[in-house]
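Residues 1 to 819 (this note's numbering) make up the sequence shown, in order.
Hints may contain errors.
[As the list claims (entries may be wrong)] Just the calculated beta-carbon pair ranges, DEER-fashion: (1) K362 <-> K151: 28 to 38 Å; (2) S487 <-> S286: 50 to 60 Å; (3) Y202 <-> R364: 47 to 57 Å; (4) A528 <-> N212: 28 to 38 Å; (5) V276 <-> G599: 55 to 65 Å; (6) K796 <-> N212: 57 to 67 Å; (7) S572 <-> E757: 47 to 57 Å; (8) M629 <-> S487: 41 to 51 Å; (9) M629 <-> K796: 45 to 55 Å.
[Unchecked claim] Straight-line Cα separation of at most 30 Å, DSSO-like style, residue types lysine-lysine; simulated pairs: (10) K495 <-> K149; (11) K646 <-> K101; (12) K579 <-> K536; (13) K671 <-> K29; (14) K768 <-> K801; (15) K184 <-> K244; (16) K184 <-> K208; (17) K483 <-> K192; (18) K244 <-> K281; (19) K10 <-> K101; (20) K536 <-> K90; (21) K29 <-> K90; (22) K671 <-> K755; (23) K646 <-> K630; (24) K22 <-> K743; (25) K310 <-> K281; (26) K805 <-> K819; (27) K192 <-> K298; (28) K10 <-> K121; (29) K630 <-> K700; (30) K330 <-> K244; (31) K734 <-> K700; (32) K242 <-> K361; (33) K100 <-> K121; (34) K646 <-> K536; (35) K132 <-> K108; (36) K598 <-> K192; (37) K298 <-> K361; (38) K143 <-> K244; (39) K700 <-> K768; (40) K661 <-> K755.
Derived from the structure by calculation, the hints contain no laboratory data.
All values reported here derive from a predicted model rather than from experimental measurement.
Ideal placement from N, C-alpha and C gives every residue a C-beta, glycine not left out.
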Amino acid sequence: MYNHQEIEKKWQDRWLDGGLYKTETDRAKPKYYILDMFPYPSGAGLHAGHVESYTATDIYARYYRARGFNVFHPQGFDSFGLPAENYAIKTGISPVETTKKAIETFTKQMNSLGLSYDWEKTVNTSDPAYYKWTQWLFLLMYKNGLAYKKKAQVNWCASCQTVLANEQVVDGHCERCGNEVIQKDLEQWFFKITDFIEDQTYEGRQLKGLLNGLDEIDWPSSTKAAQRNWIGRSVGAEITFKIKGTTEIIKVFTTRVDTIFGCTYVVLAPEHSLVVNLKDKITNWSEVDRYLEMTEVKTNLQRTDLNKDKTGVVLAGLTAVNPFNQEEIKIYLADYVLASYGTGAVMAVPAHDERDLEFAKKYRLPIKIVIVPNDQKTPDRELIFDSAYTAEGILINSGQFTGLTSAAAREEMTKFLINSQQGQAQINYRLRDWLVSRQRYWGAPIPIIYCEQCGEVPVPEESLPVLLPTDVDFRPTGESPLKYSSSFQQVKCPKCGAAARRENDTMDTFVCSSWYYLRYVDCQNSQAIADPDLLKYWLPVDVYMGGAEHAVMHLLYVRFFTKVLQKYGVVSFNEPFLKLRHQGIILGEDGNKMSKSKGNVVNPDELIAGHGADALRLYEMFMGPLEDMKPWSSRGIIGISRFLEKIYNLGENFSGADDQKIVALLHKTIKKVGEDIENFHYNTAISALMIFVNNLGEYKTKNNVWPVSQNNLEKFILILASFAPHLTEELWEKLGHQESIFKSSWPEYDPQLIKDETVNLVISVNGKLRATLEVAADISEVEAIKLAAENETIKKWLEGKEIVKNIFVAGKLLNIVVK
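Use the sequences and the hints to build the structure in full.
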């Protein structure tokens, strides 16, 4: 009987004691670096999603080892940050202790799944030996002008008591806790991620930027599209509007300069500096001031909500001058325009922009049509439309540019702006610099000291790490707990020796995870971030697996870090992960997202105890395509358990001879499973394994013996091993092998044996299917034409027709062209 508990415990202990998965250092072998997104070690332990992604990479790693590659497959823990800290707050125990316990639990659970990690290569982001180098990277940024501090309006989560980067705000809410985000003005640290959007030249080297680098990597198209959209590159023109009677100007960026003759008013963000500068000239200041007070309490999401009623106030006494036709137009304040985006001002063209149209109709402003579809003419008159025409077309009512297409007009109008010195061609981006300050305890301290004499001073590299203090109350208050640590704040200025204070904020934990993939290769190095030779050999990562929800956070940040490190010579490559794949979400049995409140959570520990790790591994891979969302099924894992029981019994009464049909199927299965593993098509690979086992069973039922020799049985066990490592290791030993099955090579298939004896040949006449004939797989064109001519159905379609030519695709089709 197949005792999975006994077998799995036996082999897990042997693998760990024997160091089976220790990374090889044979440089003669080709390398293959396979990596998971590392987990947050919270008290909840592993969930079904962890099992799915970690099993997927484990299968991949075992397969490539069997193929003769030097595989690097490490694992670590993203242990700083809110998940671990909030669990510590809930329990009242220091995050140092709760994190240590959670890591022990996670490690034990991963080993119980039979995952082939090299635990000597583990990283833990809250270990001072690790965050020393996180701080070193901050200083690298700082010394090269890429880390800076400024007062800015930032996203604030009152629940998490910390600021958030733009990427951590989803529909106006904190991506972690779901609380509504508000805006605050605070002094904060930023990284200049915007410096790396486009390609650049540095010290004679051409470096790919965040946009063009996407063209060189094998990532899901949806993830690359998400990054391009988040970066938001817009090609357009900056236009200068003079304010009549003053020396002030309004600069506006637009991608649709071709609509400029339809501009009937200009809108400023309430925070725009011109509002205060021109206060004395605004004749309705009291009304404007009330509007400014009303705007201050709104979040950016509330202000830019497309569904809300647009509000604004005219700046009476001021008009702007359209540089193309010298027409004077009104200037409004409206809170749907943000000072942080573009120039903080927009030109309003209500005939050709839905938002502008809504505003213009509310405040009874002119609407001028200046673009019409290519096949339409519109009279020169003002209209109130039901909807704006936002597509491109032909210009009308546009002076010397009338009659041009939108594309041609943009080119000519931009030249006009440049020649008249009233504007310029310009590219704008949605992406903003990365805000990395956090007002929480459990994170890497920012290595900056403030001195009254010297100002802002970086901590010397030889003084790293700046240790996280333990004499603090780690519960959040809205200010960093580090501010109240006497041991942390008792510091002297590195420059002048005077009493000074440290930076109180810690770093966003996405900083820690933006470089961890490098540290694995040399995680014990205390003198450098990693040995350059090891970085050169192992990197970049060949395959990376993790959730699609990180598309514009972790996956964008880690690319930014890589480009910085390439620029300054730490690494020689431009992209961190050559191939990226996402696992899908596993839903509860009720079809809903798993949650404790719904009572539909699947506990991996219970499943392993009841069915075994191999059954859990196979079932999660068999549920459907890896990237798809799929519901759990208790009946499904029971079926997989029975399948493994059937395989366990293969080791008994196998024949000394082979049935040739079974052998041919075996070689087809070897080919199929190998190709499916390479493409992460695990569900179809497992299906092929099941088909083979079912065929064995049918044969045995008839003949009372398994129809394979030991040699061929071993080939089957070898291709199953990546999926069910414990069971196959046990069978391998029962078949007389002393060395682990994972020291063996992937079996080769015989190309002659995978050929089908017969195929279905499609016969068409003038491209239309007329018959399908079962023929020999190697049938020649002459034989195919002869068979078709003899077929009664085909004869009817050829009767009285002249055959012009025959198009033959071997083994697939014959198309007879007639007239």
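Hint by hint, which ones does this structure get wrong, listed from lowest number up?
Hints 11, 15, 16, 20, 21, 29, 34, 36, 38 and 39 contradicted; others consistent.
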